[in-house]
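**Q** Throw the hints in and build the complete structure from the sequences for me.
The lines below spell out each chain.
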Amino acid sequence: MLAILTYPQYVPVSPGWPHLADDRSLRFHTKKPLLVPSLQSNDFELFDVPVQFAQDSASLDARWKELQREAHPDKFAVQGVASQRLAMQWSVRINEAYQRLKNPLKRATYLCELRGAPIEAESNTAMPADFLIQQMQWREALDDAKGLEGLEEIANQANTSKREQLSKIEHLLDSAKDFAAAAQQVRALMFIERFGSEVDARIDSLGQ
Amino acid sequence: MALLQISEPGQTPNPHQRRIAVGIDLGTTHSLVASVRNGVAECLPDAQGHVLLPSVVRYGLDAGGAVTRQIGFDALAAQVVDPENTIASVKRLMGRGMQDIASRAQLPYQLIDKPGMVAVQTIAGEKSPVEVSADILATLRYRAEDTFNDDVFGAVITVPAYFDDAQRQATKDAAQLAGINVLRLINEPTAAAIAYGLDNASEGVYAIYDLGGGTFDISILRLTQGVFEVVATGGDSALGGDDYDRALVEWVLVKAGLAADTLTAGDKAALLQAARTCKEALSATDSVAFSVRLARANVQFDMKAADFEAATASLTQRTLTAVRKALRDAQMGKDDIEGVVLVGGSTRMPQVRRAVASFFGREPLTNLNPDEVVALGAAVSANQLAGNQSDSELLLLDVIPLSLGIETMGGLVERIVPRNQTIPTAMAQDFTTYQDGQTALALHVVQGERDLVADCRSLARFELRGIPPMVAGAARIRVTFTVDADGLLSVSAKEQGSGVEAGIDVKPSYGLSDDDIARMLQESFSTAQQDVKARALAEARVDADRMLLATRSALDADADLLAPEERVEIDRLMAELAGVRPQVEAAQIEAAIKALAAGTENFAAQRMNRGIRLALAGKNIATV
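First to last, the protein sequences are chains A and B. Just so you know, we're using my numbering here: the first sequence kicks off at 82 and counts up by one. Just so you know, we're using my numbering here: the second sequence kicks off at 13 and counts up by one.
Hints in this document: simulated from the structure, not taken from any laboratory. Be careful, since some hints might not be right.
[Claimed, not checked] Distance condition first, Cα-Cα at most 16 Å in a straight line; then the derived EDC-like pairs of lysine to aspartate or glutamate: (1) B:506 with B:442; (2) B:337 with A:285; (3) A:146 with B:405; (4) B:606 with B:583; (5) B:606 with B:588; (6) A:183 with A:129; (7) B:606 with B:555; (8) A:146 with B:215; (9) B:337 with A:281.
**A** Next comes the structure, spelled out in structure tokens:
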């Protein structure tokens, strides 16, 4: 039974972009130290938002569009290959950060790593017994479920559980600052999300 | 040109040097070219006043054995008399192999199975779909150049959102062959949304339902202050008005008791043309005479709209299935959609309009001409990309329509870039060796949504060699997929420990090699018609002037970025270019331009990085 509880893999993209301009290039323009993002800035710095789990989704959306407006390769369409390539690196980096900040699971994973508590999903599979029992019950329910109504009931349960899990994670990361404990809860959230997507796939396969 | 021209917002670099930029809708049945003139996008007519160019090319040989071409209406008229050499709907063959083309039995011309992409056998030799498309594109380019009496600086070419990497690359190759500088490939529904969005100053979430001659696209877009964000896209790159014609032909054959294998090539072409005329007439009336003269029989009867609707209901249903899937991908319901836009000539069919209206529970928007709207949107985008409108608020954030992945053990697909990911994007996945001492890894790149490699489209194969021998599972091979803003893919692989690398632009395995392109360029219509040498020299001098001007202004602004020896080298290269400019050999001037471009590449990149970083920092302050 436990064999099916495999972790989804998250391999972060760490673009090995060349560091083309060091901060020397900005010294004539900056009067006081201000946050000048570079390709190496972390997601939060790039988006100029507080380094915390709680984020306002609408302002992330707006910020994403503002940043793309400045860096999208389309802005540099007439400026040759080198410029296009560099604009694409920025644009890719902004999209990557946006995807990670927007998705609560990815954001929590990233924040744990930044705070020195990596998730290490592959090597760290120890989960509390009651959590595993609940997972098994869900899976049995999914196996037995017939028809759209049954599946939607299970999907609702998984959603509720996901929301509870997210508020636990938010508390651990932003208030308690217990990053190791947060990482443990993020691992649990991975199981819940995977289960949720399996339920969705079953609903999809009913063809509506 | 490698150097950056950073200009103040709202100002073009040189107001007198307006660049001619066009939008081209390269359609299955018709193609169009549009441009922004006096601030308004409009389609450009040919000398006879036609805006639509039938996407049909007829090849022949003259008395001297030279290749002749008829393109557009002349070719369309020749379809029945010379079906073997008259190629229509070539868009359906772009980037497609023989096994991809379901309807080949009904095609009047002969296809040749070639690796990656089919070709058509004509009296003038084998014609790649890329060459046929290039002939159509070149015709539109000349139309634009005649209209403006000037060279076209660049074009935005539209493709169905659902086109995969092979189809996109083939389209870009065709443009290159037609001598067109491609500013961008953009998706047809996005182009339509631009035309509608700017027209109606709309905000909110829109569904663009685009049923063309040979392709169906559905895109869900969010419009906010000039940003066109594609949330999800879906469709079928082999479903369009042509299929309605074919369904009608099949219905007719059954009714007339004729077997398909008794028909001649001319019969097939005549039947398809009659079906199309009948279909178009049925958009305005309930019943129309269907009449066609075949080699062995005459077919004549009254065709009723209800019968046509019934004969094609399954096609309309297929489009709605794709719409449902796109809404699911967007995690939206029908109620979230603020407007539905109909695009493509095939949306004139009343049964399609009814089906869409009843699905969404609202009347779709049709106030722009469905044939023209894509080209108009593309023209707006081209005008902006060419730098004619640098204060424009337009920003396109498009997505990749189909997932990209690589083959893993057991013929399974490991997905690396999921569909509907915003582009440009780079995503990576780590893999490892499965045998002790394994020193090479074969990578097979595929595109599609299915789990089995056999059910996906194969894009490329390449190998990573020179991995140091290690025990199985010890190597860490990071495979990175990079998709640019045009939706084109490049793949690289790197063993993390040893740094061994391999990379590939996904093009050569299915598309055309650079040699192929060079050969076709020599033979092509676009180069045959002009004095190549004089033009090359004039272009080289203009490029030299532009390059020198750009370098000087870049130095004025940002010379502090350069180390003294870099500055000396750039000054030397500039003097050299200025020295050769009066020469009559274009190649000599081009070489000096290239040298200056290479010598300033790092400078340009540093300037640009400074520009972007300061712009982003400025945004930070502005929004805090």
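**Q** Hint by hint, which ones does this structure get wrong, listed from lowest number up?
**A** none
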